[in-house]
Amino acid sequence: MTRNGPLALAYHTVFIAFILAPILIVCWVAFTPLGYLSIPIDAFSLRWFRAIADYPEFITAFWSSIALAALSSTVAIALSVPAALAVARHRFPGREAITALFLSPLMIPPVVLGVALLRFFTQVGLGGTFAGLVLGHIVIVFPFALRLVLAAAAGMDRSIEHAAISLGASDAAVFRRVTLPLILPGVASGWLLAFITSFDEVTMTVFVATPATMTLPVRMFLYIQDNIDPLVTSVSAVVIVLTAILMLLIEWLYGLERLLVGRHAETT
Amino acid sequence: MSFLSISGLRKSFGQHVAVAGLDLTVARGEFMALLGPSGCGKTTTLQMIAGFVPPDRGTITLEGEDLVRVKPNRRGLGLVFQSYALFPHMTAAGNVAFGLEMQRLPRAECDKRVADMLALVGLATFAERFPRQLSGGQQQRVALARALAIRPRVLLLDEPLSNLDAKLREEMQIELRQILRSLGATTILVTHDQAEAMALSDRIAVMNAGRIEQVGTPTQVYERPATPFVAGFLGKTNVLAVEVRAEAGGTAAVIGDTRWPLPARIVPGRASASIRPEKISFVLDGAGAGLAGTVRTRVFQGVHWLYQIDTPAGALIVIKQNVGDMMPGEGAPVRLTWRAEDMTLGPAK
Amino acid sequence: MTPRVLPYLLSAPALLLFVGVVLIPIAMTVVLSFNDWSMTRGIIPEFTLKNWQEVFGDAYFYGIFFRTLRLALIVTLITAVFGAPEAYVLNRMRRPWKGLFLLIVLAPLLISVVARTLGWALLFGGQTGLINKSLLALGVIATPIPFMFTETGVIIALSHVLIPFMVLAVWTALQQLDPQVENAARSLGAAPALALYRVVLPQVMPGLLSGAIIVFALAASAFATPAIIGGRRLKVASTLAYDEFLNTLNWPLGGTVATLLLIALVAIIVGANRLIERRYAQVFQ
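Residue numbers (my numbering), protein chains in the order written: chain H, 1 to 268; chain F, 1 to 349; chain W, 1 to 285.
No wet-lab data here; the hints were simulated from the structure.
Warning: the hint list may mix true and false statements.
Simulated crosslink set (SDA-like; lysine to any residue; CA at most 25 Å straight-line) [stated by the list, open to error]: (1) K71(F) with H162(H); (2) K236(F) with L155(F); (3) K71(F) with S38(H); (4) K167(F) with A199(F); (5) K236(F) with P277(F); (6) K98(W) with H162(H); (7) K98(W) with A244(H); (8) K98(W) with P185(H); (9) K98(W) with T13(H); (10) K133(W) with I250(H); (11) K71(F) with R177(H); (12) K71(F) with L182(H); (13) K167(F) with D56(F); (14) K71(F) with P82(H); (15) K236(F) with R132(F); (16) K167(F) with A209(F); (17) K98(W) with R258(H); (18) K71(F) with L9(H); (19) K279(F) with G232(F); (20) K98(W) with S210(W); (21) K167(F) with N208(F); (22) K133(W) with A43(H); (23) K167(F) with R151(F); (24) K71(F) with L180(H); (25) K71(F) with L7(H); (26) K133(W) with A172(H); (27) K98(W) with S38(H); (28) K133(W) with G255(H); (29) K71(F) with L10(W); (30) K98(W) with W252(H); (31) K279(F) with V295(F); (32) K133(W) with Y36(H); (33) K71(F) with W252(H).
Here chain F is said to cover these stretches of chain H; the calculated rule only asks that three of the stretch's residues, wherever they fall, bring their Cβ under 8 Å from a Cβ of chain F [stated by the list, open to error]: (34) 155 to 162; (35) 169 to 183.
In this text, a Cβ means the ideal position worked out from N, Cα and C, and glycines have one as well.
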């Protein structure tokens, strides 16, 4: 395969710079020693990181987001494992429609979902509750979880299960001893992707969240609408670093490329 | 009563009839091969015996018990798959032990049997390896050990050697036969490889389009093929157009001016005849009898000569042992003959 | 348990969730779009077409929709023009650079969109934005370029947010390609650029178009980035719905905007997918 010439590499460098610029500048500005936003910064200070402690609403929102993400991912995975097995293994009437329905949140603009849930929750008395927020997040992250579990279930050699059956295993034993261990990488990465998606979700959440059930992205978003000061950059920097750590974890456990590309991509 | 008995087995998938009324009996300790091209229904038959595909009609009886009623995990059959289907997350020993764990065998006895089985297939020192650390041949042996560990009543092999390269396949065939003979295991092998079927089995059931065309020992199906399909599937054969004529005292197959007397029950008319290349001889005396032809090509292959001969009835392949005699050269006119009982007749093409 | 019933039982819990949390709420929103509203009485549960008439009749509304579609189209073009070559360049790299840079390009997808957009706000800001400061200091420009609260700014920021999707789509398509095909074209005398255009591009096209559909849909329904960069005055469909729902509190009108956005996007996505599948059927075998 021909290698890249200098022109191609120059383009690539500019591209990478473009991709990283906004992220790097946020992290950089977060270290400003001044009391207001000014670029460039000439000294490094942790004052705005320490200042986060003075804003308990950010810390509460952070833990809310964590709890919300953990809860909705877990429920989404618990529901998507049987659903994936049903869709991957059986041909039944309505299979295509059901799969389309499960993947529909990818096609539905989050705004529409936010609006719809706001209306729905108000009518059924779930308005402004954490439970309602969880339900909305479960639905939004479900397609991400399902796709990864589905890939694992569909990619599994069925004859391995047949072998287990022929050796005397009941359906429950087959699932416990053979199927589940083999789709576990898909399940784990599905959970992680769902977690990250829920944690970052802002568009739908901004409609359904209330001051009592505020999540971190929404808190940051509302703050930015009023003013942009170094505080929100230090919060963003923390989020970026935490995400980076999580990504390294995924890369080590599963392979980030496999997670995002959806299947085993060989790099040569 | 025979050990395993299949009667009237039928299975269709939508419009496609995979198995169209199959009858077969297998004796205890017998090695039976289901031989046929892809799509002939042999794998479907095996899957029905194993219980993964429910038959539309028919019975499968094992030791007098109706197997169709029994769930697949209770049939006590051992399966070896084409893809080996080893549990990738368990070691070789773990794989072999699995069936014993399902039977709730006590730990000590389980460990002993696993060790015995792995020793039987020559993998005693590989017990703690994972499948990905084993070669294809080694994986195949683990799969065999795993299936044999549960002391199955019948062992079902689904093209187990087709993923191995030729040399390894031959070695495994010999080993397989030795192991199964020593255990006296009743075995059903599904394969499309006629050499494999002939090498391993006590009897072969040749299948085509969902039906069994012939059941017999390897010698029987090779030397006395019942239909042109069987003749063509096992070994090489020539197919000629002949005319069957009624004569005084019986019927005869006729090509040109050469005739072969046949048993009287053949219906007169046009037909096809299969004759194996090694059964055709050159007529050496100048009596003028035999089918006339001209040698098109002649190839020396060490053990034998391979001839292609053009005749009015078509091109024939003839194989002649190299016994040092003078052989006709290319372009030479020859006359061919064979025994009537070496011909297999079938419908005209 | 018969195999017939099993798949339904397995999908039932998720199905129930989706019917309850997706289908019913959306149906309610569609119904809501036909409801009346007044500042004093709130939502009036009577059937009326006035919301729909307003959205289609008032220039303010369909102006916003056209802007949304226009922006989405431009963003799609930009991501395609700049993202596809990057995918190609990545594909030709050696290990470990190939995997590393792919990760760098795709990783931003996992980072909060608010954090990313904040970065653009810092780069864009009038006098204080880094871009303007640098260009002023270098003497390239005399007055700061307005980025914040302009369509240009929104387009640039949205392109940044969505270009990883395009790179991913084209990269995936490139993985299916036999690299020898391009070499074969070269050996037959084609110049590198021509080989690219005549041989590689046509094969990658279905992947590129799939990526384009994804980018278009996400750009048309984008919320956070246009809200932060575009501000209150530069509205797109999503921020319009937000406005009606949470500021004006005219829920029926907001519901109309949402329903229209949903229908338009679903129609475009499904239609475009069908077109691609038909045109490139042989590639999908």
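Hint by hint, here is what the structure shows:
{"no.": "1", "hint": "K71(F) with H162(H)", "in the structure": "holds (12 Å)"}
{"no.": "2", "hint": "K236(F) with L155(F)", "in the structure": "violated (30 Å)"}
{"no.": "3", "hint": "K71(F) with S38(H)", "in the structure": "violated (74 Å)"}
{"no.": "4", "hint": "K167(F) with A199(F)", "in the structure": "holds (14 Å)"}
{"no.": "5", "hint": "K236(F) with P277(F)", "in the structure": "holds (7 Å)"}
{"no.": "6", "hint": "K98(W) with H162(H)", "in the structure": "violated (39 Å)"}
{"no.": "7", "hint": "K98(W) with A244(H)", "in the structure": "holds (19 Å)"}
{"no.": "8", "hint": "K98(W) with P185(H)", "in the structure": "holds (24 Å)"}
{"no.": "9", "hint": "K98(W) with T13(H)", "in the structure": "holds (13 Å)"}
{"no.": "10", "hint": "K133(W) with I250(H)", "in the structure": "violated (38 Å)"}
{"no.": "11", "hint": "K71(F) with R177(H)", "in the structure": "holds (19 Å)"}
{"no.": "12", "hint": "K71(F) with L182(H)", "in the structure": "holds (24 Å)"}
{"no.": "13", "hint": "K167(F) with D56(F)", "in the structure": "violated (40 Å)"}
{"no.": "14", "hint": "K71(F) with P82(H)", "in the structure": "holds (23 Å)"}
{"no.": "15", "hint": "K236(F) with R132(F)", "in the structure": "violated (39 Å)"}
{"no.": "16", "hint": "K167(F) with A209(F)", "in the structure": "violated (31 Å)"}
{"no.": "17", "hint": "K98(W) with R258(H)", "in the structure": "holds (14 Å)"}
{"no.": "18", "hint": "K71(F) with L9(H)", "in the structure": "violated (62 Å)"}
{"no.": "19", "hint": "K279(F) with G232(F)", "in the structure": "holds (14 Å)"}
{"no.": "20", "hint": "K98(W) with S210(W)", "in the structure": "holds (23 Å)"}
{"no.": "21", "hint": "K167(F) with N208(F)", "in the structure": "violated (28 Å)"}
{"no.": "22", "hint": "K133(W) with A43(H)", "in the structure": "holds (18 Å)"}
{"no.": "23", "hint": "K167(F) with R151(F)", "in the structure": "violated (29 Å)"}
{"no.": "24", "hint": "K71(F) with L180(H)", "in the structure": "holds (22 Å)"}
{"no.": "25", "hint": "K71(F) with L7(H)", "in the structure": "violated (66 Å)"}
{"no.": "26", "hint": "K133(W) with A172(H)", "in the structure": "violated (66 Å)"}
{"no.": "27", "hint": "K98(W) with S38(H)", "in the structure": "violated (36 Å)"}
{"no.": "28", "hint": "K133(W) with G255(H)", "in the structure": "violated (40 Å)"}
{"no.": "29", "hint": "K71(F) with L10(W)", "in the structure": "holds (21 Å)"}
{"no.": "30", "hint": "K98(W) with W252(H)", "in the structure": "holds (17 Å)"}
{"no.": "31", "hint": "K279(F) with V295(F)", "in the structure": "holds (17 Å)"}
{"no.": "32", "hint": "K133(W) with Y36(H)", "in the structure": "holds (17 Å)"}
{"no.": "33", "hint": "K71(F) with W252(H)", "in the structure": "violated (42 Å)"}
{"no.": "34", "hint": "155 to 162", "in the structure": "holds (count 4)"}
{"no.": "35", "hint": "169 to 183", "in the structure": "holds (count 7)"}
The structure shown violates the earlier hints numbered 2, 3, 6, 10, 13, 15, 16, 18, 21, 23, 25, 26, 27, 28, 33.
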